[in-house]
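K.L.:
Now for the letters of each chain:
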Amino acid sequence: MNKSAEATGTVAAVPDAPRVIIRVELCKACGLCIVHCPKQVLRSGAYINELGYVATEYAGEGCIGCGTCYYMCPEPGAVAVHRPERGGKGQKGDAP
Amino acid sequence: MPIVLDKPSSFFDTFHRKPTQQKTTHYCPGCGHGILHKLIAEAISAAELQDRCIIMAPVGCSVFLYYYFECASISIPHGRAPAVATGISRMRPDAILVCYQGDGDLAAIGTNNAIHAASRGEKIITFFVNNNVYGMTGGQMAPTTLLNQKTTTTPYGRTLENEGAPLPVAEIMATLDAPGLVARTAVNSPRNIQKTRRLIRRGFEAMKDGKGYVFIEVLSHCPTNWRKTPEEACRWIDEVVTKVYPLKLFKDDLDTREPLCREHPRGGFPELVKALGVRAEEQDAGGVPPALPNGTDTLTFKGAGFGGQGVLSLGLLLANTAMRKAWEVTWLPSYGPEMRGGVAYSSVVISRKPIGSPVVDCPDILIALNKPSIFKLGPLVPEQGTIVYNSSMIDELPPDLSAGTVAGVPATDLAAEAGSQKAANTVALGCLAGITGLLTREEIAGALRETYSKPAVYDLNLRALDAGWRHGVRQGTDA
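For the protein sequence lines, the chains are A and B, in the order given.
Just so you know, my numbering puts the end of the first sequence at 96, numbered straight through with nothing missing.
Just so you know, my numbering puts the end of the second sequence at 479, numbered straight through with nothing missing.
To be clear, the hints were calculated from the coordinates, so they are not data collected in a lab.
Errors might be hidden in some of the hints.
[Unchecked claim] Pairs of lysine to aspartate or glutamate residues, derived as EDC-like cross-links and limited to a Cα-Cα distance of at most 20 Å, are as follows:
#1 K18/B <-> E85/A
#2 K325/B <-> E443/B
#3 K39/A <-> E443/B
#4 K251/B <-> E171/B
#5 K274/B <-> E450/B
#6 K23/B <-> E50/A
#7 K195/B <-> E205/B
#8 K23/B <-> D13/B
#9 K274/B <-> E263/B
[Unchecked claim] Per label pair, the in silico range of CB-to-CB distance:
#10 L51/A <-> F269/B: 52 to 60 Å
#11 E50/A <-> D297/B: 43 to 51 Å
#12 L51/A <-> K353/B: 52 to 60 Å
#13 P246/B <-> R43/A: 30 to 38 Å
#14 K39/A <-> D209/B: 34 to 42 Å
#15 G52/A <-> T137/B: 20 to 28 Å
#16 F64/B <-> V54/A: 22 to 30 Å
#17 D16/A <-> H116/B: 50 to 58 Å
#18 E232/B <-> Y47/A: 37 to 45 Å
#19 D16/A <-> P246/B: 40 to 48 Å
#20 P155/B <-> Y47/A: 36 to 44 Å
#21 V54/A <-> N148/B: 50 to 58 Å
Glycine included, each C-beta is placed from N, C-alpha and C at the ideal position.
All chains should be built: construct the whole structure from the sequences, respecting the hints.
P.N.:
Laid out in structure tokens, this is it:
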């Protein structure tokens, strides 16, 4: 987990609701997560990061925690997805 | 516990490639490498193989992957990853060897290495990242470039007539017996990524079980060199690339395979000596190596002449003789492609200590059998050095010699008198021994007996040795 990279994912109203965290300073704005998000809850934001890219942002609600954006993102630490347990045991980096 | 998908632990937290931007890779936006990196790192963490993995960093865009994966990694010359991995695998059978190679690395310069490693069934998991172009160098045509695809070196598109057909590497690998898993996947869509992800995990699990060669070709997108947006590039893989390179599991018989256990070399030095058929008297002379004539620990020698003058044999004879005196020796031949003519060198290092390098730049002793040799190498011999030259063929000396001892011996003439011009090399060595006292006549004669089993040849060389020896002793006395 990147402690130094700023996590700006909006925390959903329900604390343990599925959510995506996009670390805006690591985003290269390739847009693959936006295109492939099944719920279309990611969008190009207004913030231009230090790399010079218009960082992607989470709309704030609607994430189902499917992990598509995490796997489509080529940057190792730019996207993280949290999802409450659905029965089976989960661990860091494990399959959704 | 909620499920968290985040940077896998097999990545470094910080990438120390340069002082800034230490959290991001060097890849272009939307690059397929990053996606595959993530899948591999995730699989390594999941299989708990981080401490056993050794990743071969190739030449290509992924050249810096050792900055990203927190595993052992080695930077490998272009295309040679399978060769290095093979070496490591033989010495460290427990290591999980990961070859991560692009299409320039695996399908162009390193095709031979890759195919032979696969055919040997090495314990290697290979990721062949196929993006149809040379990425790092700026989008030139690769062997895997599609027909009609425009690249910087095929500006009108690749044609069958000029550049040939795209190379189907996975199909070729699948024809081999040894690989346990051969597949082609892609990382251009969520569906394909999940398939790739499962396949990679299966590959690493097999590696964990000690099973043989795994080959996964991954179709990757290169938005920059394809001149497309990342989205267009991903779509182009589905619409065009997979028509030429179909996604397929070509082969998977890992379940029916036994773990690969190579028999380790048994025994130690004595068994090796026996297996090589080395006679007792050739074995390590033992004892304390005597002092060298130049008073230091190491003496370097170079013999030089036309190919066919026996320069290599000369060095070998010197090395063999020196070895009997408990000195450490190396012999390094160097010659052109011609069997006769051309230039030949042999470098010999004699030392009282283990020798680090067999390369000799400025020899303490030079035997020059022809004129080009003394003009090229003579000036390199230091002041306290010795030059023995073949005065039968060398009628003038370079003006800038600094060697303390420069002795001519009519080696070719003396050899002819002894029976054959071919023995000029032995004459020169005899002369050197007579001058320097590095070796005795008897020591060289002993080595000659080992070298030349035919009595006539041995007798000829013995006469040549004596002629050279007498000449050398006379010269030494004169000096």
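K.L.:
So, for every hint listed, does it hold in this structure?
P.N.:
Consistency of the hints with the structure:
1. K18/B <-> E85/A: violated, 39 Å
2. K325/B <-> E443/B: Distance ~9 Å between K325/B and E443/B Cα, so the pair holds.
3. K39/A <-> E443/B: Given pair K39/A, E443/B is violated - Cα atoms ~87 Å apart, limit 20 Å.
4. K251/B <-> E171/B: holds, 10 Å
5. K274/B <-> E450/B: Given pair K274/B, E450/B holds - Cα atoms ~18 Å apart, limit 20 Å.
6. K23/B <-> E50/A: The hint holds at about 12 Å.
7. K195/B <-> E205/B: Distance of about 15 Å is within 20 Å: holds.
8. K23/B <-> D13/B: Holds: K23/B and D13/B sit about 7 Å apart, inside 20 Å.
9. K274/B <-> E263/B: At roughly 19 Å apart (the allowed maximum being 20 Å), E263/B and K274/B satisfy the hint.
10. L51/A <-> F269/B: 52 to 60 Å: holds, 58 Å
11. E50/A <-> D297/B: 43 to 51 Å: With Cβ atoms ~57 Å apart, the hint is violated.
12. L51/A <-> K353/B: 52 to 60 Å: Since L51/A and K353/B have Cβ atoms about 54 Å apart, the given range 52 to 60 Å holds.
13. P246/B <-> R43/A: 30 to 38 Å: Because 35 Å falls inside the window, the suggested range holds.
14. K39/A <-> D209/B: 34 to 42 Å: holds, 39 Å
15. G52/A <-> T137/B: 20 to 28 Å: With a Cβ separation near 24 Å, G52/A and T137/B satisfy 20 to 28 Å, so the hint holds.
16. F64/B <-> V54/A: 22 to 30 Å: holds, 26 Å
17. D16/A <-> H116/B: 50 to 58 Å: Because 54 Å falls inside the window, the suggested range holds.
18. E232/B <-> Y47/A: 37 to 45 Å: Given a distance of about 25 Å, which is not inside 37 to 45 Å, the answer is violated.
19. D16/A <-> P246/B: 40 to 48 Å: holds, 43 Å
20. P155/B <-> Y47/A: 36 to 44 Å: Because 39 Å falls inside the window, the suggested range holds.
21. V54/A <-> N148/B: 50 to 58 Å: violated, 34 Å
Consistency with the previously given hints fails for numbers 1, 3, 11, 18 and 21, ordered from lowest to highest.
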